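Chains as they are written, first to last, in the working numbering: chain A, 40 to 354; chain B, -8 to 111.
No wet-lab data here; the hints were simulated from the structure.
Model, not experiment: these values are computed from the prediction.
Think of the CB as a built atom: it goes at the ideal place given N, C-alpha and C, for glycine as much as any other residue.
Treat each hint with caution, since some may be false.
Said to hold, decoys possible - Residues from chain B shown here face chain A by an in silico Cβ test under 8 Å; the list is partial: (1) Phe33; (2) Arg36; (3) Leu63; (4) Glu84; (5) Leu88.
If you want the building blocks of each chain, they are given just below.
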Amino acid sequence: MTAVPGAAFILAAFAAACIPAGSALAAARWPRRSPAAAIVLWQALGLGWGLAAVGALGALGAARGGSGVAGGAFALVSRALNGGYASGVRHLLTGTLGLRLLALAASLVLLLLLCSILVAAFAAVLRARRRQRVLLSLLAHGDPKVPGALVVDHPAAAAYCVPGLRSRIVISAGALDLLDQAELAAVLAHERAHLRERHDLVLLPFAALLRAFRWSAVAREAQAAVALLVEMLADDRALRHRSATELATALIRVGAAGAGRAPNGALATADGDVAARVWRLLRPAPRLPSAARALIGVAAVATVAVPAAFLALPF
Amino acid sequence: MDILWESQDPLTVRQVSGNLTERDLAHTTVMTVLDRLAKKGFARRERDGRAWRYRAAETREAYVTELMLNALDQTGDRHAALARFARSVSEPEAAALRHALGALGRGTAGSEDTARGTGK
Chain A
40 MTAVPGAAFI LAAFAAACIP AGSALAAARW PRRSPAAAIV LWQALGLGWG LAAVGALGAL
100 GAARGGSGVA GGAFALVSRA LNGGYASGVR HLLTGTLGLR LLALAASLVL LLLLCSILVA
160 AFAAVLRARR RQRVLLSLLA HGDPKVPGAL VVDHPAAAAY CVPGLRSRIV ISAGALDLLD
220 QAELAAVLAH ERAHLRERHD LVLLPFAALL RAFRWSAVAR EAQAAVALLV EMLADDRALR
280 HRSATELATA LIRVGAAGAG RAPNGALATA DGDVAARVWR LLRPAPRLPS AARALIGVAA
340 VATVAVPAAF LALPF
Chain B
-8 MDILWESQDP LTVRQVSGNL TERDLAHTTV MTVLDRLAKK GFARRERDGR AWRYRAAETR
52 EAYVTELMLN ALDQTGDRHA ALARFARSVS EPEAAALRHA LGALGRGTAG SEDTARGTGK
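Looking at chain A on its own, in the form it has when it is part of the complex (with noise of 0.2 Å):
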């Protein structure tokens, strides 16, 4: 064994990258002026980060001249298999062989992990949001002045949406008397956005990443900002039927009115979003120019493909 195969320092590297990436794209100022393109590049470069991830511990694992990290490491599975049992403990102990094999077990056990984390998330969400159809069905009622939305008799401001197959958009009696009809009728646009574009599996992903590393920033930031972005884009879909003012109205009213129920220490990140959204409303800037949104484009298709060559094709 002459050196770390490079296949593995590359994507090590790689994966690291991707970090600070990350941090950069959340300060970024540009992806308020076309959050889709930078959504596509978030999920890129998650998707990117855990598979260098994954690939880079597969990697030193992994026999050469086999057909990349994958066959690579089918191709040493099946040597340690093959070379019968007894030989194989006695190489275990003395070779390179037992690294190599834990090196493809700790690869194994972060591809697992990071989907578990997938399937947990989502069936916590699939739970919570179960619980409120179910409430929902009993003690909601329709009312003329929202269609299609259910209405909750409860004195405080709220409107959201239960995404999912059979989903739900609901407003607080609380927001029905705060709002006008054509703030009513700019908040129900927005949810509808949500709903009809699944922004809720968007965000999934960086919820669950968030869950499960809630000591990184980087996590903490991702989620935030992809948060922030899915609320934007479903902003612009509200202002194809809407005004711009009506929307900003509503955010307002509907922001102050939360406010002093919360605990002060949640609302840092919080207060910035509506902030963040009403004076995008007020001051639009111009969306990218078709060329820089066709680049964020090929960055996030060579984020995905850089560290999926190296696991696919021979190194």
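Take the given structure of chain A and dock chain B to it, following the hints.
Positioned in the frame of chain A, the structure of chain B alone reads:
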């Protein structure tokens, strides 16, 4: 469920059907619905002779509170489950935003918030 919430005492299936004003539902239908509510934990039932008596497990307000708490929770875990229209804004920030909206000079007419913002 509304009938159970409004009643002080546990009700039999027959009493519930009697209180249903809107539709003429079969006795067995009402029984099935009550049975399902009991299985899901929304109703409790107890034996009374040969019949079951049903009552609501929690008050209506308790369920509304649960619903709203889940929706208004700001701690982050609910992000993915529900999508909120607007998170909370502090009062000074809301005032600044109202002012900006008013200064644009095309605030919604008759809106008291924007009227305050333009200094009328």
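Hint by hint, here is what the structure shows:
Given the 8 Å rule on beta carbons, the hint for phenylalanine 33/B holds: about 7 Å separates it from the nearest Cβ of chain A. Violation of the interface hint for arginine 36/B is found here, the shortest Cβ-Cβ separation to chain A being roughly 17 Å, above the 8 Å cut-off. The beta carbon of leucine 63/B comes within 6 Å of a beta carbon in chain A, closer than 8 Å, and the hint placing it at the interface holds. The restraint placing glutamate 84/B at the interface with chain A holds, with a minimum CB-CB distance near 6 Å, inside the 8 Å limit.
About 5 Å separates the beta-carbon of leucine 88/B from the nearest beta-carbon of chain A, less than 8 Å, and the hint is met.
Checked against the numbered hints listed earlier, the structure breaks hint 2 alone; every other hint is satisfied.
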